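Engineer: Each chain is listed here by its residues.
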Amino acid sequence: QVQLKESGPGLVQPSQTLSLTCTVSGFSLTSYNVHWVRQPTGKGLEWMGVIWTGGSTDYNSALKSRLSISRDTSKSQVFLKMNSLQTEDIATYYCARESPYYYVMDAWGQGASVTVSS
Amino acid sequence: DVVLTQSPATLSVTPGERISLSCRASESVDTYLHWYQQKPNESPRLLIKYASQSISGIPSRFSGSGSGTDFTLSINGVELEDLSIYYCQQGNSLPYTFGAGTKLELK
Numbered sequence: 247q248v249q250l251k252e253s254g255p256g257l258v259q260p261s262q263t264l265s266l267t268c269t270v271s272g273f274s275l276t277s278y279n280v281h282w283v284r285q286p287t288g289k290g291l292e293w294m295g296v297i298w299t300g301g302s303t304d305y306n307s308a309l310k311s312r313l314s315i316s317r318d319t320s321k322s323q324v325f326l327k328m329n330s331l332q333t334e335d336i337a338t339y340y341c342a343r344e345s346p347y348y349y350v351m352d353a354w355g356q357g358a359s360v361t362v363s364s
Numbered sequence: 012d013v014v015l016t017q018s019p020a021t022l023s024v025t026p027g028e029r030i031s032l033s034c035r036a037s038e039s040v041d042t043y044l045h046w047y048q049q050k051p052n053e054s055p056r057l058l059i060k061y062a063s064q065s066i067s068g069i070p071s072r073f074s075g076s077g078s079g080t081d082f083t084l085s086i087n088g089v090e091l092e093d094l095s096i097y098y099c100q101q102g103n104s105l106p107y108t109f110g111a112g113t114k115l116e117l118k
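Chains as they are written, first to last, in our numbering: chain A, 247 to 364; chain B, 12 to 118.
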């Protein structure tokens with residue numbers, strides 16, 4: 247059964263770094279790409295970035311200077327780190343799976359809610 | 012970046028009616044256009060891929076059409092469980108982008 251599950255602190259202080267983990271099961275990170283998508287409360291979806299099966303990454307240019315995506319294939323985990331967090335980064339953060347060259351996200355995690363506050 | 016414009020923003024529906032939702036791209040995305048359904052407090056769920064391909068487990072009342080820049084998601088016989096927000100997403104080029112969504116509400 248394919249599963250993705252996001253985890254991490256729900257509260258981050260302004261200007262600090264957000265660290266989230268996406269733990270997957272039912273598939274291999276060397277066979278599927280994993281994307282990060284976020285959604286501010288009551289708003290739409292924003293694509294943040296992707297880690298490809300080979301380990302390379304691509305990022306939304308609006309976030310590129312602050313964002314890093316990495317993985318540990320042995321633990322089936324993908325990591326998101328974003329620095330200099332502000333209130334505009336308050337959102338639910340999702341990881342989602344994509345089959346290589348399919349260009350569609352066919353399985354999503356439950357989401358991790360992140361608040362930025364001192 | 013490809014901009015996806017969804018219309019209408021909100022659609023009031025009566026159970027049983029056939030409805031159509033629109034998604035227009037600022038440039039051609041071929042058929043790399045996908046539809047997702049998001050219910051309150053849930054993650055998005057893939058409904059239709061590549062503009063018109065059905066997804067296993069999704070009711071047959073959902074269908075999609077279009078190519079290039081104009082796409083449509085149709086629901087043939089809306090049910091109460093379909094009251095959700097529907098997003099289109101293009102996978103033709105990075106960054107992947109989403110439309111702002113169409114919210115189905117009860118008339």
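Note that these hints are calculated values from the structure, not bench results.
Small disclaimer: the values here were computed from a predicted structure and weren't measured.
Hints may be right or wrong, so weigh each one.
The calculated DMTMM-like cross-link candidates involving lysine to aspartate or glutamate, where the alpha carbons are at most 20 Å apart (straight line), are [claimed, not checked]:
id : chain 1 : residue 1 : chain 2 : residue 2
1  : B       : K114      : A       : E292
2  : A       : K310      : B       : D12
3  : B       : K50       : B       : D81
4  : B       : K118      : B       : E90
5  : B       : K114      : B       : E53
6  : B       : K50       : B       : E90
7  : A       : K289      : A       : D335
8  : A       : K289      : B       : E116
9  : B       : K50       : A       : D352
10 : A       : K251      : A       : E344
11 : B       : K114      : B       : E90
12 : A       : K327      : A       : D352
13 : A       : K251      : A       : E334
14 : B       : K50       : A       : E292
15 : B       : K114      : B       : D81
16 : A       : K251      : B       : E53
17 : A       : K251      : A       : E292
18 : A       : K251      : A       : D352
19 : A       : K289      : B       : E90
20 : B       : K118      : B       : D93
21 : B       : K118      : B       : E28
Engineer: Which constraints among the numbered hints does this structure fail? Numbers only, ascending.
Structural biologist: Of the numbered hints given earlier, those the structure breaks are 3, 12, 13, 19, listed in rising order.
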